[in-house]
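Enquirer: Since the structure of chain A is already known, use the hints to place chain B on it.
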Amino acid sequence: MTPGEDDAPVVPAAGRAPGSAGRVRRHTDPLVPEGPVRVSANVCQAAGCMSMGSDRLFADLKEDVVASGATDVAVRRVGCLGLCSAGPLVEVPEQGRLFEKVGAAGGTSLAELLGSLTGEAPGGREVADDPFFARQVKVVLERSGKVDPEDVEDYVASGGYEALAKAVTMMSPDEVTDEVVRSGLRGRGGAGYPTGLKWRTVAKAPGEGGKYVVCNADEGDPGAFMDRSVLESCPQQVLEGMAIAAYAVGASRGYVYARAEYPLAVKRLQSAIRQAEASGHLGRDILGTRFELHIEVRIGAGAFVCGEETALLASIQGGRGTPRPRPPYPASAGLWGCPTLINNVETFANVPSVISRGSGYLAGTGTERSKGTKVFALTGAVVRTGLIEVPMGLRLRDIVFDIGGGLAPGRRFKAVQTGGPSGGCIPEDLLDMSVDYETLSQAGSIMGSGGMIVMDDTSCMVDVARYFMDFCREESCGKCLPCRVGTQQMYRLLDRMCHGTATMAQLEELEGLAGMVRATSLCGLGQGAPNPVFSTLRYFRDEYLAHVQDHRCPAGVCPMDGTPGAPVPPEGALMAGTGAASTGGAR
Amino acid sequence: MSEVRTLVIDGHDVAATADQTVLSAARENGIHIPTLCHLQGLSDIGACRLCMVELEGSPRLVASCVTRVEEGMRVTTVSERLNAYRRRVVEMFFLERNHVCAVCVANGSCELQGAARDLGLDHFELAPLHPEVAVDATHERFVLDQNRCILCSRCVRVCAEVEGAHTWDIQGRGADARLVSDLGTPWGSSTTCTSCGKCVQVCPTGALFEKGRSVAEPKARRPYLPYLVDHSRA
Numbered sequence: 001m002t003p004g005e006d007d008a009p010v011v012p013a014a015g016r017a018p019g020s021a022g023r024v025r026r027h028t029d030p031l032v033p034e035g036p037v038r039v040s041a042n043v044c045q046a047a048g049c050m051s052m053g054s055d056r057l058f059a060d061l062k063e064d065v066v067a068s069g070a071t072d073v074a075v076r077r078v079g080c081l082g083l084c085s086a087g088p089l090v091e092v093p094e095q096g097r098l099f100e101k102v103g104a105a106g107g108t109s110l111a112e113l114l115g116s117l118t119g120e121a122p123g124g125r126e127v128a129d130d131p132f133f134a135r136q137v138k139v140v141l142e143r144s145g146k147v148d149p150e151d152v153e154d155y156v157a158s159g160g161y162e163a164l165a166k167a168v169t170m171m172s173p174d175e176v177t178d179e180v181v182r183s184g185l186r187g188r189g190g191a192g193y194p195t196g197l198k199w200r201t202v203a204k205a206p207g208e209g210g211k212y213v214v215c216n217a218d219e220g221d222p223g224a225f226m227d228r229s230v231l232e233s234c235p236q237q238v239l240e241g242m243a244i245a246a247y248a249v250g251a252s253r254g255y256v257y258a259r260a261e262y263p264l265a266v267k268r269l270q271s272a273i274r275q276a277e278a279s280g281h282l283g284r285d286i287l288g289t290r291f292e293l294h295i296e297v298r299i300g301a302g303a304f305v306c307g308e309e310t311a312l313l314a315s316i317q318g319g320r321g322t323p324r325p326r327p328p329y330p331a332s333a334g335l336w337g338c339p340t341l342i343n344n345v346e347t348f349a350n351v352p353s354v355i356s357r358g359s360g361y362l363a364g365t366g367t368e369r370s371k372g373t374k375v376f377a378l379t380g381a382v383v384r385t386g387l388i389e390v391p392m393g394l395r396l397r398d399i400v401f402d403i404g405g406g407l408a409p410g411r412r413f414k415a416v417q418t419g420g421p422s423g424g425c426i427p428e429d430l431l432d433m434s435v436d437y438e439t440l441s442q443a444g445s446i447m448g449s450g451g452m453i454v455m456d457d458t459s460c461m462v463d464v465a466r467y468f469m470d471f472c473r474e475e476s477c478g479k480c481l482p483c484r485v486g487t488q489q490m491y492r493l494l495d496r497m498c499h500g501t502a503t504m505a506q507l508e509e510l511e512g513l514a515g516m517v518r519a520t521s522l523c524g525l526g527q528g529a530p531n532p533v534f535s536t537l538r539y540f541r542d543e544y545l546a547h548v549q550d551h552r553c554p555a556g557v558c559p560m561d562g563t564p565g566a567p568v569p570p571e572g573a574l575m576a577g578t579g580a581a582s583t584g585g586a587r
Numbered sequence: 001m002s003e004v005r006t007l008v009i010d011g012h013d014v015a016a017t018a019d020q021t022v023l024s025a026a027r028e029n030g031i032h033i034p035t036l037c038h039l040q041g042l043s044d045i046g047a048c049r050l051c052m053v054e055l056e057g058s059p060r061l062v063a064s065c066v067t068r069v070e071e072g073m074r075v076t077t078v079s080e081r082l083n084a085y086r087r088r089v090v091e092m093f094f095l096e097r098n099h100v101c102a103v104c105v106a107n108g109s110c111e112l113q114g115a116a117r118d119l120g121l122d123h124f125e126l127a128p129l130h131p132e133v134a135v136d137a138t139h140e141r142f143v144l145d146q147n148r149c150i151l152c153s154r155c156v157r158v159c160a161e162v163e164g165a166h167t168w169d170i171q172g173r174g175a176d177a178r179l180v181s182d183l184g185t186p187w188g189s190s191t192t193c194t195s196c197g198k199c200v201q202v203c204p205t206g207a208l209f210e211k212g213r214s215v216a217e218p219k220a221r222r223p224y225l226p227y228l229v230d231h232s233r234a
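So the sequences go chain by chain: A and B.
Per our numbering, the very first residue in the first sequence carries number 1; after that it's consecutive.
Per our numbering, the very first residue in the second sequence carries number 1; after that it's consecutive.
Isolated chain A, as found in the complex:
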């Protein structure tokens, strides 16, 4: 693991781009002038903007700046700037201005941006008073869009690793855990288990054979990209959180379990680990102390169920990714039987600020029982979609209409889906509810990892339920019967409804099955699979009735092409692929 083998610069900032301002060593390197920087163009290099060509834009912009002869303009590579629907994004922090759709049709032209940078004609728009940004509170995403995701020096320069230094040099492991307990931080992976309590359980578990910290980066909910963005934007912050956790619980080895579908996040994470080891923030003798932590990245093989902690651990150990009954919980018997702390990406990313600013910093934001902020991937039928971070307790309405900018003209709000395939749909009547763990679960949904899909009147709720059931039946690991077969049976019933061939007896059957699968499945995937059905039945029963009794889809989405009561012809969808043993998925 030589630092130089990665294409990210490990050398200090001052060593970059030697010679004239125009010389750039590699195309991925930022352009930093030797003299004072008047303005800098922060070009988003997270997956969303890169898919719209921001990597090319980054290279072109550097060339153009050099060609313009400007010697006080920097062009930097940063992580997610948030407003993904308007990418590629470029921010000029000195002027507080954001340029949208740079180089894309209908957006800012490169010449316009260049003109603004060289001071000819300021363009873009003011960030400060934009409701998309103004309603947000950034803790996890504090450095997202500000630091270079592939440069540990940049992270350190922004105050990174101060929390780790404080923890390992000035605090005992117990004091660190106490601080996390006091902060009221709860797991951001979905269930909201108190983080401090989990740390304490692992810290107290006897660990003669060593202990482990594991970061769950197997984000798989449809429409969710919070963890991906955090890892792409500031992987060091997650590693710092893991290192603090390892110090608190007494672990010296760690794993990040990341999806293979996130190649950029994995690449940046691997580069971040190498750089942190080279800079003395990971590895042996961290920051000159006796504390050591060795982190490895493990890449999943595409199974959603591996986000379930026991399946994740089985997968890390090289086994088939299937859940096992708990107890024993991973906190007492996890990886290779050793006490193992598992937290989500966002949970770990919260930790540095808890330690460096004290527990009160987090505890001062949010509601009584849900402290701090939550990152959401706001997607669907809103005008502005993207990555947002809001204080817990903000009204759902504020998120949809202020931050998201409401719906497209002429469209009517129908529901917000949170919590992915284990979550539910929240109707218009509940738009004024506070977004926190308790309120969401009372409303029949869950906080989940942070996917938030807004749906308008062109969405059919029966079709939505069918979509999520299709997802669950595809992703069921197949170990326990209720999940493996129950999701297939529920899918068939929902599919009948969408074809207009279901009967009232089958609607009743669906509810009965949903209750059985929830009560008898082995793990959270199966237990949560009926939730989209329950919540749509609770708030949109009239749509189900329209499908079943009137053979009509109010939103005009479902084909409704079957003869009522007759068997559904297109069984092909269900049978496809069952003939041949699949080699993909959980292994």
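Just so you know, these hints were derived from the structure itself, not from any lab.
Since the model is a prediction, treat every value here as computed from it, not as a measurement.
Note that the Cβ used here is the ideal one computed from N, Cα and C, for glycine as well.
Computed footprint of chain B on chain A; a stretch qualifies when at least three of its residues, placed anywhere within it, have a C-beta under 8 Å from a C-beta of chain B:
{"no.": "1", "segment": "484 to 495"}
{"no.": "2", "segment": "516 to 523"}
What follows is a list of derived Cβ distance ranges for each label pair:
{"no.": "3", "chain 1": "B", "residue 1": "Asp118", "chain 2": "A", "residue 2": "Arg135", "range": "57 to 65 Å"}
{"no.": "4", "chain 1": "A", "residue 1": "Arg541", "chain 2": "B", "residue 2": "Asp118", "range": "35 to 43 Å"}
{"no.": "5", "chain 1": "B", "residue 1": "Asp118", "chain 2": "A", "residue 2": "Leu545", "range": "35 to 43 Å"}
{"no.": "6", "chain 1": "A", "residue 1": "Gly337", "chain 2": "B", "residue 2": "Gly72", "range": "23 to 31 Å"}
{"no.": "7", "chain 1": "B", "residue 1": "His130", "chain 2": "A", "residue 2": "Asp542", "range": "30 to 38 Å"}
{"no.": "8", "chain 1": "B", "residue 1": "Thr17", "chain 2": "A", "residue 2": "Ala333", "range": "16 to 24 Å"}
Expert: Below, chain B alone, put in the same frame as chain A:
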């Protein structure tokens, strides 16, 4: 010797050692809890969900095969709700693959059929899934008929844990989950299979059977392999 715990199962006071499961304590005391994936002597995985019981003070059901006894626990093994769920579990097993008892070697000694009988399951309410699955008759002495497999993985465990060969495993997930030998190669060409036949002996249905047997021929196979012992009790 581990400590003794006292608990109540269906109103009966029961004493068990701390390392015993609710299932084993119940069986020791003559209380029947239906099971399919459990087999005494093999590790428990809690997959078939047939052995779920109610615990007083908890809204959640637990699989008794993987739940350790606790002091003062009050367990209910039979209730209307449990029976309804168990019938549904057995119904789903039948409908998942293509079980045709009339031509099955296990007819009459099949545990799935037995569970249906015990639970009074006499008709199906859900639709059959009718997957197209394969029969592997490449082995010299045995046959694997996927149509009858309930994925209980008893064969996988006996092969790995007792015979030490680990010929069997489950491949794919969800509806695509299949019992496979040697990473998905035909059983007959398996280089790990010792042809010991343990998998055939522990199969609760007729998914694994000996060639040359006809319908309903292998009767009363229990108690499986006499040397299988419950390790938690040893």
